[in-house]
Structures are given as structure tokens and as C-alpha cells.
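Enquirer: One-letter residues, chain by chain:
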Amino acid sequence: MLKRTVPLFITGIAGAILIVAYFSPATTNWGEVVTDWMNTLAAVAFILGGGNLLFVNLEKISSKRPGWAYALVTLLAFVLTLAFGVLKIGAVPNAQFPATPWAGDYESVRAPFGWVYEYVLSPLTATMFAMLAFYVASAAFRAFRAKNIEAILLLGTAFVILLGRTAAAAILTGWIPVDGPFAFLRLDTLAVNIMQYVSTAGTRAIMMGIALGIAATSLRLILGIDRSYLVSD
Amino acid sequence: MSTQHTQSSNAQHGPFIRFLATLDRRWIFLAMMLAVGTPILLQLRPAETAGPLSTATFDVIEALPAGSRVLFAFDYDPASEGELQPMANAFVHHCASKGHKLAFLALWPLGAQKANETAETILKPFHPEYQAGVDYCMLGYKAGNEGVIKVIVTDLLQVYQADVNGTPLSEIPMLKGVTNIQAFDLIINISAGYPGSKEWAQYGTSAYPDAFILLVGTTGVQSNQLYPYYPAQMKGMLVAIKGAAEYEVLVNGKYGETAAILAAQAAMSATSGGAMKETGVPAVLQEGQRRMGPQLVAHLLMVTLIVLGNIVYFATRTKGAAR
Numbered sequence: 000m001l002k003r004t005v006p007l008f009i010t011g012i013a014g015a016i017l018i019v020a021y022f023s024p025a026t027t028n029w030g031e032v033v034t035d036w037m038n039t040l041a042a043v044a045f046i047l048g049g050g051n052l053l054f055v056n057l058e059k060i061s062s063k064r065p066g067w068a069y070a071l072v073t074l075l076a077f078v079l080t081l082a083f084g085v086l087k088i089g090a091v092p093n094a095q096f097p098a099t100p101w102a103g104d105y106e107s108v109r110a111p112f113g114w115v116y117e118y119v120l121s122p123l124t125a126t127m128f129a130m131l132a133f134y135v136a137s138a139a140f141r142a143f144r145a146k147n148i149e150a151i152l153l154l155g156t157a158f159v160i161l162l163g164r165t166a167a168a169a170i171l172t173g174w175i176p177v178d179g180p181f182a183f184l185r186l187d188t189l190a191v192n193i194m195q196y197v198s199t200a201g202t203r204a205i206m207m208g209i210a211l212g213i214a215a216t217s218l219r220l221i222l223g224i225d226r227s228y229l230v231s232d
Numbered sequence: 000m001s002t003q004h005t006q007s008s009n010a011q012h013g014p015f016i017r018f019l020a021t022l023d024r025r026w027i028f029l030a031m032m033l034a035v036g037t038p039i040l041l042q043l044r045p046a047e048t049a050g051p052l053s054t055a056t057f058d059v060i061e062a063l064p065a066g067s068r069v070l071f072a073f074d075y076d077p078a079s080e081g082e083l084q085p086m087a088n089a090f091v092h093h094c095a096s097k098g099h100k101l102a103f104l105a106l107w108p109l110g111a112q113k114a115n116e117t118a119e120t121i122l123k124p125f126h127p128e129y130q131a132g133v134d135y136c137m138l139g140y141k142a143g144n145e146g147v148i149k150v151i152v153t154d155l156l157q158v159y160q161a162d163v164n165g166t167p168l169s170e171i172p173m174l175k176g177v178t179n180i181q182a183f184d185l186i187i188n189i190s191a192g193y194p195g196s197k198e199w200a201q202y203g204t205s206a207y208p209d210a211f212i213l214l215v216g217t218t219g220v221q222s223n224q225l226y227p228y229y230p231a232q233m234k235g236m237l238v239a240i241k242g243a244a245e246y247e248v249l250v251n252g253k254y255g256e257t258a259a260i261l262a263a264q265a266a267m268s269a270t271s272g273g274a275m276k277e278t279g280v281p282a283v284l285q286e287g288q289r290r291m292g293p294q295l296v297a298h299l300l301m302v303t304l305i306v307l308g309n310i311v312y313f314a315t316r317t318k319g320a321a322r
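Note that the protein sequences, when read in sequence, are chains S and X.
Number 12 in numbering that gives the first Met the number 0 belongs to position 13 of the first sequence; there are no gaps in the numbering.
Number 250 in numbering that gives the first Met the number 0 belongs to position 251 of the second sequence; there are no gaps in the numbering.
Derived from the structure by calculation, the hints contain no laboratory data.
Mixed in with the good hints, there may be bad ones.
Below 35 angstroms or equal to it, Euclidean Cα-Cα: the simulated DSBU-like pairs (lysine-lysine) are [unchecked claim]:
#, chain 1, residue 1, chain 2, residue 2
1, S, 87, X, 175
2, S, 59, S, 2
3, S, 63, S, 87
4, X, 123, S, 87
Some residues of chain X that are not near chain S, with every Cβ distance over 10 angstroms (derived) [unchecked claim]:
#, residue
5, 15
6, 67
7, 68
8, 76
9, 80
10, 129
11, 266
12, 286
13, 289
A short list of chain S residues far from chain X (calculated; beta carbon distances all over 10 angstroms) [claimed, not checked]:
#, residue
14, 100
15, 125
16, 136
17, 148
18, 161
All values derive from a computational prediction rather than experimental measurement.
By construction, the Cβ of each residue, glycine as well, lies at the ideal position given by its N, Cα and C atoms.
Only chain S is shown next, with the shape it has when bound in the complex:
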């Protein structure tokens, strides 16, 4: 009973307050209080997330499931980085307060936490992102086919954007006068116009649809009709 009624009550009250606070200046403070609860919960969620990460990976290692070595690497990276950051291990002494514990700079590359960030995390994440270029190129060669009218339109748009967002636009269509009647045919202008008008019109329509969907879903949650977020046992 309590497991379902209390969350439903909190959701309903919090949702209702946030709606009322948006439309009524007199209740703005109520909305701030509720939003502050959400921020506090978001911070607590980090602890829950960390605990879950520990639990899932420890379970994987102890049962020696396939890929358990990766779990071990994840766990070691998590525990070490957490220790370096929270305990400020190896922090560079603060020149202003050299005798004061915990006053050192732990984000400097000379400290372990800063070193991990600069020389492990940054290159790894940047590499993962950069590898997308290779897969996109391979996919473009194998999958981007002019199979029908829609695909041809998509291809044409892709060509204009790919060329229009680089100096190729100036090389190919730079000779068309900027203030002439055919200025709209310049690739850079075409690219801007496609993104600013054609794409924006479509995006606006999608956004309005999403907004209506969110409003409907939110009302269902606030009124307790949709209870799918409650843990079933």
C-alpha cells in the first residue's frame, strides 16, 4: 500500500506544484523548492549509480562471466579515480596554505586525479568520438543508395550540406555573385537555407508533436493513471 501510494502522492503533488508555479508568480517559490528536491535527488543518484556499478561488476567478476576482465578494468578505474578525487591523494600542495590538509590542487596534471583526466580519460573519449568518422565513411559507401525519390532528396541534401559547410562551396560556386539573382544557388547559401528553413520547419513540427506527447504523458503520471515507473514486486 505505502510502496505505491506514497510515490504516487509525491509525483502528483510535485507535478501539480511545478505546473501551477509556471503560471502563477505567487507560487514561483514553491516551484523552486520542488526543483531543488529534484537537484538533491540527482546528486544522490550519483551514489546509487556508483553502488550499482560496483554491484554489477563485482557480480560479473565473482561469477567469471564472459568479459569479466573488462569488468575488473572498469572497477579498478572507478575505484582508483574515486579515491584520487575524494581523498585528494597526491594533490599538489597549496602554495598559500602548505600546511593545511585537503587544500592542495587535485586537478593539476601533477596530481593523480588530474593525470588520469588529462592522459587517460580525455584521449580515450576523444578517440572513441573520432572513430565515428571511419564508420560513417564506410556506411556512406555501403548504405547511402538512391533507391527512391525520398532517398534521392536525402542524397542531394547531404551533398549540399557536406560541400556547403566547407571551402568546397567557394571553390565550386564562389563565382556566382553574392548580390546577384542566382545567389541562392551558391552552395554555402543553399546549405544555410536548408538548415535554417527546410530542416527547421520539419524539426519544429516534430518538436510540437513531442511536446504534446510529453504533456499527455506528464498528465497521466501526475494523475496516477500511468504507474509504469513504480517498481513491481
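For chain S, the structure is supplied; the task is to place chain X on it using the hints.
Expert: Only chain X this time, still in chain S's reference frame:
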């Protein structure tokens, strides 16, 4: 079975089509590596001219009176650094050149580090007159995504009681009298996704349209979602490396070789015994333009690959249909 069918089908075509149809994707990877690596080694740098979005962004900062308060929200991490760091550098350099007071915060955990790095890279060498607390301050990261924006737009102290060094906000000279972010004249958000520019527009300028101006710098992939907010909720927008390069042209055209920059370069040269001699606009302030060379060749390769892929498609489809 299907491999045998493909091989027998490919056998009907000419050697060029057969070569393309059976092309190992590792050759494409190699081509992409060369397309990106060669322009970097050859220092290919095509000329850039500023477009309407970059010009609008530049004009907003130019129009602010010197000493205006600017709030930077660094909502990205090292994964997007390649695309967003050049515009972050240019934004900070431009604002500092105008003498604005800068506050930095982050809704992404690693955004605070990016803000620190930018201050170290741009403010310390090229704007040594900027003092922490007086001319700029680091508010750091806060969890809560758009919830943070919703609160600080009316009550900054409820979320940020102190800066990253633990100094109470009331003791930071540049934040004297600031109770919420409506006290800032301009908010500049550099965003790689959620939470980011969309949330700043929805919970910031949409809710309080006259309180402050919002400028954003964004990755190319999410720019489509942000165009609907321009120019009503966002007065300017830099899109991807192209946007950064165009903006750099405008900023460096006016503030690329200031006395402070020339002094910083002279000092750098002196401390390195002449080994690090740099003249003209510093390289760190031209990163966006430098990255347009690899982007040009990579985009041309992509177009070529799409064309070749379609040649294979039509050649094999026509032969298949005729058979």
C-alpha cells in the same frame, strides 16, 4: 550460399565495378585516415568568410558595454572537445578582449575541467590582467540538469553558495549583488547534448525573455534541434567547426594581435630561449580554421564514396534487372 550468389553476380560486371563491389572496408578506413592526416601534415587551411550566424554572434558580444557580466555554461566533455574547444577559446578571448566579467559553470561533470583548461589556455597567457574573483570566477559543476537552470534563474545562491575554491559568492567582488543569473547580461552556452543549449533556451530565455541574451556554440549533430530557437530565444549560434572557424576570423580580425598577445608571445619566446617563437595570431586562437582543412578533404571523400557506392548500386541493379 549468398556469398556464392554475390560472387557469381559480380563476375558479370567490369573490373572497376567488381573492385568496388568487393572493396574491403579497411581501404575506406585508410582513405579516411589519409583524408584527415594529409591536410594536417600539409597545414592546408582554406580561407573562411563569416556567415550570418557567426556575424550575429560576434555582433551581440561587440554590442555589450565593457565590463558586462557574462555567464559561461560549459556543457560538454573531452569527447566533443575537437569540435567545441576552438569556439570556447574564441568566445572567452572575445569576451576578455572586451573587458567583460566572466563566470563559468557546468551542467556536465567534466565541463568544469574544460572551463579550467580554457581559463589556463586563454585568460592566463593572453589576458594576464584578469584576476580570479575580480574579473572571472569558477562556479563549477552542479548535478540536476535543467533543474539547476530552473533554480538559478531566480535564486543563484540556492544552488551555488560558493565557488570551486570554497569562497562564498558574497565575497567574490565580480558577483557582488548578484542573486540570480538574471543579473548577467549575456549567457554563452557551449553544448554537446543534454543538458545544454536546448535546456538553456527552454528554461532560461523562454521563461525570462527580457532577462538576458543567450548565445550558443553547438556540435553539428544537434544543431537541427536548435535552429527553431534562433533568433528568438538564441540571438546567435555557432555550429560545429565551421561556425568556430568563421567566428575566429571575426574575432582575430579585431583582437588577434593585441598588445597583450604580442607581449605573451614575446614572453613565451624569451622563456623558451627562442625555441617557441610565434608571431601573428596565436595558433590556439586559430584552431577552428586549422581544422577546416581536414574537414574539407574528409567531406570530399565522403561525397566521392557516396557517388561510388551508387555507381555500384546502379550497375549491379541494371544488370540484375536485365538478367
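Enquirer: Going through the earlier hints one by one, which of them does the structure break, listed in rising order?
Expert: 8, 9, 15, 16, 18
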